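K.L.:
With chain V's structure known, arrange chain Y on it following the hints.
Below are the chains, spelled out letter by letter.
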Amino acid sequence: MANRRQFIQRGIAISAASMVPMIAGAGLPTRPARTDNLVLAKIVFDRDFADCRLFAQQAARRGVSVHAISGDVTDLWYDDLYHRWKDPQVTIAGLTTVSSLFCLERLAWKCDRRVIFRTDHVRRPDGGVDHALYGPETLLKRANPARYGTFWPRHMAQLVTSCPVQGAAAVRARTVVASARGGVDDWVEPLASWIIALNPRLRS
Amino acid sequence: MNPPGVSAGDFAAAMAAFKEAVGEAHVFTSDEDVALYRDAYDVQWGLPGERQASAGVAPTTVEQVQKVVAAANRYRIPIYPIATGMNLGYGGSAPNLSGSVVLDLKLLNRVIEVDDKRHFAILEPGVSYFDFYRHVQDRGLKVWIDCPDPGWGSPIGNALDHGVGYTWYGYRDHFYSHCGMEIVLPNGELMRTGMGALPGSKTWGEYHYGVGPYVDGLFSQGNFGVVTKMGFHLFPQPEAYRSGTVLVPRRQDLVALVDEMNYLEHSGIIGQPNYGCPLRMVAGEPAVLPLLAKPGGPTDAEFEALASAHRLPCWSCEVQLYGPAKGIEANWEYVKARLAAAIPGASFEDGLTYEFPITAEQRLKVPHKPSLGIPNLELFRSRSALNPNPSEGHVWFSPVIPKSGEAIFEAQRVFADAVRGVDIPTIFGRGPAYGPFSTPSTWMFRAFVLITGWPISRSNPDQNRRVSEALRKLVQVGAEHGWGEYRTPPAFQDDVVKTYSYNNHALLRFQETLKDAVDPNGIISAGRYGIWPKHMRKS
Numbered sequence: 008m009a010n011r012r013q014f015i016q017r018g019i020a021i022s023a024a025s026m027v028p029m030i031a032g033a034g035l036p037t038r039p040a041r042t043d044n045l046v047l048a049k050i051v052f053d054r055d056f057a058d059c060r061l062f063a064q065q066a067a068r069r070g071v072s073v074h075a076i077s078g079d080v081t082d083l084w085y086d087d088l089y090h091r092w093k094d095p096q097v098t099i100a101g102l103t104t105v106s107s108l109f110c111l112e113r114l115a116w117k118c119d120r121r122v123i124f125r126t127d128h129v130r131r132p133d134g135g136v137d138h139a140l141y142g143p144e145t146l147l148k149r150a151n152p153a154r155y156g157t158f159w160p161r162h163m164a165q166l167v168t169s170c171p172v173q174g175a176a177a178v179r180a181r182t183v184v185a186s187a188r189g190g191v192d193d194w195v196e197p198l199a200s201w202i203i204a205l206n207p208r209l210r211s
Numbered sequence: 136m137n138p139p140g141v142s143a144g145d146f147a148a149a150m151a152a153f154k155e156a157v158g159e160a161h162v163f164t165s166d167e168d169v170a171l172y173r174d175a176y177d178v179q180w181g182l183p184g185e186r187q188a189s190a191g192v193a194p195t196t197v198e199q200v201q202k203v204v205a206a207a208n209r210y211r212i213p214i215y216p217i218a219t220g221m222n223l224g225y226g227g228s229a230p231n232l233s234g235s236v237v238l239d240l241k242l243l244n245r246v247i248e249v250d251d252k253r254h255f256a257i258l259e260p261g262v263s264y265f266d267f268y269r270h271v272q273d274r275g276l277k278v279w280i281d282c283p284d285p286g287w288g289s290p291i292g293n294a295l296d297h298g299v300g301y302t303w304y305g306y307r308d309h310f311y312s313h314c315g316m317e318i319v320l321p322n323g324e325l326m327r328t329g330m331g332a333l334p335g336s337k338t339w340g341e342y343h344y345g346v347g348p349y350v351d352g353l354f355s356q357g358n359f360g361v362v363t364k365m366g367f368h369l370f371p372q373p374e375a376y377r378s379g380t381v382l383v384p385r386r387q388d389l390v391a392l393v394d395e396m397n398y399l400e401h402s403g404i405i406g407q408p409n410y411g412c413p414l415r416m417v418a419g420e421p422a423v424l425p426l427l428a429k430p431g432g433p434t435d436a437e438f439e440a441l442a443s444a445h446r447l448p449c450w451s452c453e454v455q456l457y458g459p460a461k462g463i464e465a466n467w468e469y470v471k472a473r474l475a476a477a478i479p480g481a482s483f484e485d486g487l488t489y490e491f492p493i494t495a496e497q498r499l500k501v502p503h504k505p506s507l508g509i510p511n512l513e514l515f516r517s518r519s520a521l522n523p524n525p526s527e528g529h530v531w532f533s534p535v536i537p538k539s540g541e542a543i544f545e546a547q548r549v550f551a552d553a554v555r556g557v558d559i560p561t562i563f564g565r566g567p568a569y570g571p572f573s574t575p576s577t578w579m580f581r582a583f584v585l586i587t588g589w590p591i592s593r594s595n596p597d598q599n600r601r602v603s604e605a606l607r608k609l610v611q612v613g614a615e616h617g618w619g620e621y622r623t624p625p626a627f628q629d630d631v632v633k634t635y636s637y638n639n640h641a642l643l644r645f646q647e648t649l650k651d652a653v654d655p656n657g658i659i660s661a662g663r664y665g666i667w668p669k670h671m672r673k674s
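Each protein sequence line maps, in turn, to chains V and Y.
According to the working numbering, the first sequence is numbered sequentially starting from 8.
According to the working numbering, the second sequence is numbered sequentially starting from 136.
None of the hints are false.
With a straight-line cut-off of 30 Å between C-alpha atoms, the simulated DSBU-like cross-links for lysine-lysine are:
hint, chain 1, residue 1, chain 2, residue 2
1, Y, Lys538, Y, Lys429
2, Y, Lys154, V, Lys93
3, Y, Lys633, Y, Lys608
4, Y, Lys633, Y, Lys673
5, V, Lys93, Y, Lys500
6, Y, Lys461, Y, Lys252
7, Y, Lys504, V, Lys49
8, V, Lys49, Y, Lys500
9, Y, Lys504, V, Lys93
10, Y, Lys538, Y, Lys633
11, Y, Lys669, Y, Lys154
12, Y, Lys277, Y, Lys337
13, Y, Lys504, Y, Lys471
14, V, Lys49, V, Lys93
15, Y, Lys277, V, Lys93
16, Y, Lys202, V, Lys93
17, Y, Lys277, Y, Lys252
18, Y, Lys538, Y, Lys504
19, Y, Lys252, Y, Lys337
20, Y, Lys471, Y, Lys500
21, Y, Lys673, Y, Lys608
To be clear, the hints were calculated from the coordinates, so they are not data collected in a lab.
Predicted model, so just to flag it, every value in this text is computed and none were measured.
Pulled out of the complex, with its shape left as it was, chain V reads as follows (with noise of 0.2 Å):
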């Protein structure tokens, strides 16, 4: 009998299946992320909400592993992360609410890593959401989540798969107002997108 992992990979298959033609229809190029971009082991993503589906649904795209979660990380944690990162080149990129990436924060802090860049994304109460960004200029340079609408999901899937590695210590923070009114109203607590890597000061 499947146990709950299983059950959750086999809908994550399903899904990503079922959002081909969507994507396809949008006419987003698709590519593998470079190699001399931080090389993602996967993508988390939570499956409550559209927006994250999105996310991961461009993030499939790129080719890369996703996992989808529900809130909760234990599993994730226990299951996976915890025997990933003795690796310290794992590096791990998600879409999920702020109480999912602040579990994923302190639990990568015992494991010498750190939230390297985020997107706080938070809806206003006209619809539309603010995108407010922290991470390598480099990135910042190419993020603008207001350019695309309500489709700021895949775009952040394509920032977080290109990030590169050179660079991903200077950090700086910056705001980024998005007037993306529409899309699927189904999250209240704010969502972040994130790039969790090794701490910058040990990668040398």
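P.N.:
For chain Y alone, coordinates are given in the frame of chain V:
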């Protein structure tokens, strides 16, 4: 940020000494690294009063801890030991004294010994509940750990802060279940307590006291040394578990319900009883709010009319039993018969049953995993029916009250009156923080805690200020009624300690006398639970 009173030259020299002791990779000074030691739930978040570290240092051996402490003493650097830094709601990993260097023990993470025949373990502080659980599971050991909820912290860190868990009574109080310590004293010397003080001792993790005065308590919620090992008594893996729920129809039935549960728990028949008020689910309804706002609370008749209107019992209590399958079935029958005789109209619902070991599939479906000693992080799963708008953090108010129905009624009324008009939502999302539906937490097996969580906002300092004012008022009101807190965030530790004032603060004065003798330079955890070094003490 340098530590207060420390010159830039001495601070730099101390950092160099720390790097020599633990290696450059384990001394953290960049803003990004030091920011990780901020208390994510600090009521002063982002304000000048926020407690912040100046640096972090993470030794990997006890010898390195000794070198760090010796260097801190040499340069008068305040240090703040943490285990895994997960004490959220009670201070997290931030020091009481801003500018302290966090002595981060996360890399001191060896499971020294687990014995599943004599049922004890000896751990280092960086071992988390997840690590401990994994160690036991991977080896198929026939013992349970007892973990808090969430379970990502450290058994040693939690025990030293008087933290608690959810299984059988002796194991839920984590300091109570500890047995022996190894401590780096402020002068860098290594000391062991209990049987650990006997070289070659065969019973360090089994017999608490050794011989002579028992000093372990000084190192809990204290600042007399850095604990680098601790023993713990462990719960033998039971054969089976069963839960069941008792429901009682009238408001005053709570008195008999608590009395009966006390008898059952103190006799070792049941594990943790979990009290509930089914009416809590309707606390946010507009028709109920006037009743909650009424000074002194509702009358019994009003309370019971509300319960009747919603077809709900007034109180519930989940009972948990651990032991041989036949034994706990017999005990559940006994519980039902005893409660039925004591409380007319009591009804009963059978709950879950497990026989151990459970499968991985069963483990994933356990609704409250800590009751079976399984660590998890499900609490962080944002929205729920009881918590529709999660806050960005919280601080706990944790008054200890007597284990009686009468005490619950009195504390409900007193605390509800104290916070009436305080316009702050609870972290549980429905109704006011205190009211006639409040029920106690039962982690301690000889006292109740009528705990409430108060929301913290990263963007609303005014709300945080009002939370601080409310908590300070509750501390005072509680003390006036003989209820003190068992644990509190650093922002309130001086306030709470001041309420333990018997005979002109004799206890605090005794602790300060010890502090001055043991740590004359005041380098360890300055200000923790009200104990400040002599040179920082207010008259």
